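For the protein sequence lines, the chains are H and P, in the order given. Counting from 1, one number per residue, gives the positions in the first sequence under the numbering used here. Counting from 1, one number per residue, gives the positions in the second sequence under the numbering used here.
FYI, nobody ran anything at the bench for these hints, they're computed from the structure. Certain hints may be false.
Derived pair list, reagent style DSBU-like, types lysine-lysine, alpha-carbon separation capped at 30 Å [to be verified]:
1. Lys139/P x Lys92/P
2. Lys286/H x Lys62/P
3. Lys311/H x Lys193/H
4. Lys308/H x Lys111/P
5. Lys2/P x Lys308/H
6. Lys141/H x Lys66/P
7. Lys66/P x Lys286/H
8. Lys311/H x Lys92/P
9. Lys246/H x Lys340/H
10. Lys193/H x Lys72/P
11. Lys139/P x Lys308/H
12. Lys80/P x Lys311/H
13. Lys66/P x Lys193/H
14. Lys134/H x Lys72/P
15. Lys329/H x Lys201/H
16. Lys90/P x Lys131/H
17. Lys295/H x Lys356/H
18. Lys65/H x Lys62/P
19. Lys111/P x Lys90/P
20. Lys62/P x Lys193/H
21. Lys519/H x Lys529/H
22. Lys141/H x Lys90/P
23. Lys325/H x Lys62/P
24. Lys2/P x Lys311/H
25. Lys295/H x Lys560/H
26. Lys529/H x Lys346/H
27. Lys66/P x Lys92/P
28. Lys80/P x Lys308/H
29. Lys364/H x Lys311/H
30. Lys38/H x Lys193/H
31. Lys65/H x Lys131/H
32. Lys325/H x Lys203/H
33. Lys175/H x Lys325/H
34. Lys329/H x Lys354/H
35. Lys62/P x Lys175/H
36. Lys80/P x Lys325/H
37. Lys308/H x Lys62/P
38. Lys371/H x Lys545/H
39. Lys203/H x Lys14/H
40. Lys92/P x Lys175/H
Given the structure is predicted, the values throughout are model-derived calculations rather than measurements.
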Amino acid sequence: MKLTGAQIFIEALKQEGVEVIFGYPGGAVLNIYDEIHKANFRHILVRHEQGAVHAADGYARSSGKVGVCLVTSGPGATNTVTGLATAYMDSVPLVVFTGQVPTLLIGNDAFQEADIVGITRSCTKHNYLVKDVKDLARIIKEAFYIASSGRPGPVLVDLPKNVILDSTNFEYPEKVEIRGYHPTYTGHSFQIKRALDLIYKSKRPVAYVGGGVILSDASKELREFITTLGIPITMTLMGLGAFPIKHPLSLGMLGMHGTFRANMAISESDLVIAIGARFDDRVTGKVDEFAPHAKIIHVDIDPTSISKNIKVDIPIVGDCKQVLKGFLKEIRAREEETEKVKGRIKPWLEQIEKWKKKHALAYKQEDGVIKPQYVVEMIGELTKGEAIIATEVGQNQMWAAQFYEFNEPRTFLTSGGLGTMGYGLPAAIGAQVANPDKIVIDIAGDGSIQMNIQELATAVQYRLPVKIVILNNAYLGMVRQWQELFFDRRYSHTCMENIAPDFVKLAEAYGAAGFRIEKVEEVVPTLKKALSHPGPVMVDVIVEKFEGVYPMVPAGASLKQMLLV
Amino acid sequence: MKHTLSVLVENEFGVLARVASLFSARGFNIESLCVAETLDPSLSLMTIVTRGDEMIMEQITKQLNKLINVIKVTNLSERKFVDRELVMIKMKATRTNRAEILRISDIFRGKVVDVSHKTLTIEVTGDEGKINAMIELLKPLGIKEVARTGKIAMLRGTQ
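One chain only, chain H, in its complex shape (with noise of 0.2 Å):
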């Protein structure tokens, strides 16, 4: 069957199961979106090609699922940058495809021209130009099987208007050969045995978990490991969601506004094992002095992140859900050392216990303002810690991380690795078409929230009833709080007192719902409303100006070095 690229395009998408694409159209890509419109292939429009890439990342977080692109040529292309980069930092499955100019004027400078592959090489997990209509089908295969296996990541496509238009015979490859693509998935049996014996012989040792074991859908596997050894366990913004935040043996998340337990334990434990995580910087404060009485054990696919950061003494390379059934296998052939050490470790969690009872999480409730990590509490108990929560960057992130109860993973969806500003609204959009029947609420702040406030346009067009509570101290708040601790109060550029929008307004201009909470009796009963509203809602809460994200380790210094409230 002779098909054009663009018709090759579709029934691929379609052989691999994809449900909906994110994009804007463009000259580059118009036959495609002439296609994608015979076939009533789901597409939601978005209204910047930055936040198309954030939608498919939002979807694919939530769901699990590779999150599709496509937008067109030049600024098009180079509007999907940022939402690359945030996904290759977080390791996002995504495949996005661009539109490109002819492969005869590649290289002129040819209107809407950019050199994609070569400005998305560091940002992507691989990238492909498409030359020839009959290397397009095998070039999609291998971009989903990339996209999606051994450490996922964000692969992208580049599509030249000639190969769109060109014919060829079309099959679909069934199976995908890369010489020089193979992840490891089943962990060493030998060092997992070696790195047991460790672990029954440790009298502190402390799970730390990353993201890794929610990519892997691991969440069962943590669980059964954890509760079966007994074993405290600290999660990295990223992992949070992996194991339930209420459980006994969770000491909440760790490193830079990581709670006092976490910090304490880990600088104290004899033994670290970290699954999925990658010591990065945010986590492990100065280096040298990261768990410093502790060996390490690291479970990671990506064996470039062993040994990166912090010596490993017992790297496991492998996929985490495997390893950890690996390691639940060996546990239970070993059932009576499994006892002895939940004797031995008795004193280390009351240890862990007294940290706990001398430094909780908290925050001081002042009369007459609001104070954020209160509305982030609030958000949690009305919606009884079911909701999907995706933020923005800053302290409305780590608020959301410290306030918010995660207990179950893919309902945490926040720009870990990159930071990204303006992330939360469109990633909240695309887990929205992804579940469509949870409540999805984008926790954000008043700056961050402008960056892609555009999208709440997608939000009203397509009736995703996502929920924006906006944590609004007329600050970039995380940037003064640097300001007052290291910067004698020099509020330099951070200032957005009567200069922002009326959000209220704003949300009604887009066809949404606007509140405002201004006090805090307030605050349940506009957030009810907010939440049983059908549509997508805006919700602007005036907060405490001058409230700080506390603990905090300051860049560089030790994890020990906490600032506490």
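Chain P: place on chain H using the hints.
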């Protein structure tokens, strides 16, 4: 410490750029890089000379392996290997130094590949030590230009 890596890659456009941009993006340095097709025309072999301690070399090797188009990475410096470089040296040749240049060239088994009234171009192959020694000896006689290929290398025996 200096390391010589042999990197087998897919012979496709953009692969060299991927390898080069990996080195620059991660702050690794490249002292020399040589690349050409292998017997199998779908593959290319790169010889990369770089520097780093154990941890950096581990990262370089892993990061290279992570590239989809990279098939195999061997750190030759961990084993016994031979390496060679081809150099062309254009000398300012005068009546007085011409004989001396030829004598030095002979000692190093160099070959004259071009000659004119004012110049003499010598071709020589060898390992780094030999080539540097020859260049040092020729310097006082007046070098006009040097072109080096960078190292190519191979493991010894049947390793």
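List of violated hint numbers, smallest to largest: Of the numbered hints, 4, 8, 11, 16, 22, 26, 27, 29, 30, 34, 36, 39, 40 do not hold.
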